[in-house]
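> In case you want the letters, here they are:
2 protein chains.
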Amino acid sequence: MSVTAPAGFVAAGVTAGLKKSGGLDLAIVANRGPLANAATVFTSNRCKANPIIWSQQVMADGRVSAIVLNSGGANCYTGTIGFQTTHATAEAVAEQLDVSAGDVLVCSTGLIGEQLDLVKLTAGVFDAGLALKDDDAASAAAGLAAAQAIMTTDTRPKQATQVSPAGWTIGGMAKGAGMLAPGLATMLVVITTDAVLSSAQLDTALREATRVTFDRLDSDGCMSTNDTVSLLASGASGVDADPDEFAGALTALCRDLTLQLQGDAEGASHDVAIIVRNAAAETEAVTVARAVSRSNLFKAAIYGNDPNWGRVLAAVGTISEADAAFDPYGIDVAINGIQVCTAGEPDEPRELVDLTPRAVSVVIDLHAGTAGATIWTNDLTHDYVEENSAYSS
Amino acid sequence: MSVTAPAGFVAAGVTAGLKKSGGLDLAIVANRGPLANAATVFTSNRCKANPIIWSQQVMADGRVSAIVLNSGGANCYTGTIGFQTTHATAEAVAEQLDVSAGDVLVCSTGLIGEQLDLVKLTAGVFDAGLALKDDDAASAAAGLAAAQAIMTTDTRPKQATQVSPAGWTIGGMAKGAGMLAPGLATMLVVITTDAVLSSAQLDTALREATRVTFDRLDSDGCMSTNDTVSLLASGASGVDADPDEFAGALTALCRDLTLQLQGDAEGASHDVAIIVRNAAAETEAVTVARAVSRSNLFKAAIYGNDPNWGRVLAAVGTISEADAAFDPYGIDVAINGIQVCTAGEPDEPRELVDLTPRAVSVVIDLHAGTAGATIWTNDLTHDYVEENSAYSS
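Protein chains in written order, with the numbering used here: chain G, 1 to 393; chain F, 1 to 393.
It should be emphasised that the hints constitute simulated quantities derived from the structure, not laboratory data. For each residue, glycine too, the CB sits at the ideal point set by N, CA and C. Zero decoy hints are in this set.
What follows is a list of derived Cβ distance ranges for each label pair:
{"id": "1", "chain 1": "G", "residue 1": "Ser-44", "chain 2": "F", "residue 2": "Thr-204", "range": "38 to 46 Å"}
{"id": "2", "chain 1": "G", "residue 1": "Leu-352", "chain 2": "F", "residue 2": "Glu-386", "range": "19 to 27 Å"}
{"id": "3", "chain 1": "G", "residue 1": "Ala-252", "chain 2": "F", "residue 2": "Ser-21", "range": "46 to 54 Å"}
{"id": "4", "chain 1": "G", "residue 1": "Gly-330", "chain 2": "F", "residue 2": "Thr-283", "range": "30 to 38 Å"}
{"id": "5", "chain 1": "G", "residue 1": "Gly-248", "chain 2": "F", "residue 2": "Thr-80", "range": "44 to 52 Å"}
{"id": "6", "chain 1": "F", "residue 1": "Ser-21", "chain 2": "G", "residue 2": "Asp-383", "range": "26 to 34 Å"}
{"id": "7", "chain 1": "F", "residue 1": "His-367", "chain 2": "G", "residue 2": "Gly-248", "range": "44 to 52 Å"}
{"id": "8", "chain 1": "G", "residue 1": "Asp-327", "chain 2": "F", "residue 2": "Leu-118", "range": "24 to 32 Å"}
{"id": "9", "chain 1": "F", "residue 1": "Ser-21", "chain 2": "G", "residue 2": "Thr-356", "range": "21 to 29 Å"}
{"id": "10", "chain 1": "F", "residue 1": "His-367", "chain 2": "G", "residue 2": "Ala-325", "range": "33 to 41 Å"}
Please work from the sequences and hints to get the whole structure.
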């Protein structure tokens, strides 16, 4: 169960013919209420896709009745025609579900700079609308079909659920395997809940959750133009959720989906946690960890099972003093539990490090304070190069 | 001819046994005067290698009699012992050449976090010292041996010369194939001249030249801990160089070496010029071009001969408004002369772009001003991953 786990939600995934592969490529998640509260976080990329521009307008009143998502095309850098396609898609959903188009979020993912086929899109919306009227539209199978329909280079759907003893539930689905380096938001993620919460409460909880989960995933340093995380509340449980408990459960769910995204990142053979400890501030810990996560040399070494810790420190050293306080010669580095560097000098032999497991931890102790942060990244592999050298062709 | 082209310089390259391959791995370039003026630019990485820490002290008085360079080890993150190794190397050179150790620059390149073998180093310095006393120590062959001795993963030596009708000459050699993303300086570069110029004049000319050449090379986004560009003047021509003419020739020579470094970057199959036009300021053009040069998705697409211009704009969009002024929907993109995007919408079909040549140009017109800049980068290839996944092992 994922987005259909909370009461009040139905979902569908259909084949609209947008993907060359012929698989499921269009999903709708609809909120049957009684509430239609929502919060979203969008990409901070200035090159925002048409669905983002549309959805930002939808969010002006914090009300969302449904969200439609397609793979097979990002509808980004497609100009006025592309925006009209997004608008027409929302109108088609509104007509099928008898809601206002102004309450329909649109998400698209795929190649940038190509027009989507509106005829196929609207036919897909019609099929999905029919499926949503089906008895099993609230089933786990329906949620799974929606999660499958938003996949691009993902090899498996990503779903997660959190159930509160208080009587409410959160469900979520996500897609994303490349261009995985969000700024404020990431990929396409739809989260549903039947808790009773206002749009403002949802917004607070969602921003806090994404800040420490999706925002800390930096698989390949590339920020998408289409990233959207949406949180829809139906209130169908009738339970007023404790905001703190809800925020905790939401963060756990987002963390679950984040690690699923990391585990399925394009071509990756290692899931790497860059853990910075004893920084002067959390933001500085994030800055240092992100610099390491963006070092191609470090990432290629991890692929080769090579504990080349000099590349960790060379990346750390690129951070200016204004951005992070630390003594560059007072840093410790441990890789998979082996302390290879203490106070800027070699410690345990690098040969002791076992990098054969998929999970890798790199702990960087800055000795500059008490704050910390983790960035999740992946290695740089032949498969990553292969997948991304032949994406549009 | 390279560093030995200007009068007053001798060079040697010998095998000290530091490289596993058994090739040339230690070079000395000595200035026989009459002047010993010099300027240097060092890496802006805060994790500076021991040779950088030493050489910064040497430069306090702007006097340099000789420079010793080794491959086979970076002598970075090697602590007090590593610094003593650098100091002892300078003392050995001083003894061989009968100069002050305080006038000997030291450069090292190779793996970080391993001690250099001082016995091998000093034996190598002894051999090089003998070679420098040879009659042909000022020959082109001697310069070539020095250029070969500083190679690491380079496949060929890099040399360049500029000759002024006024009667002075500049020669240069460079090494660098990975960790190619300098901040203020880059790789190991030694430039010699027989022009009569003060250390202050050399410093001004060198900073202006590196700013628009080595600093604009960003092959893999990784900044080294050991980068040093040195400019030594012997004054042996007896000609007072016009500072503007000298700066122009020096910039041309640095540009020549920069393009040689790009052309030999690890595993690269394309040399890509990211040309940003009509930016509000030169710094903003550099920022935009650098963001594109660091997009792994863009670089992998170029490797695959895929003109995926959406990845160019997605990278441009990551730049904040504070860092560069532009309308994200008003940008034009041309790849190898084909205008694939005009004002944020598809223009000529991407299929018209021919990416089979090694040289690629990506022109990004921001329509935000009149400034421009070029960043030189490379594609992301299987060979890059291969070379860098098995470097220390």
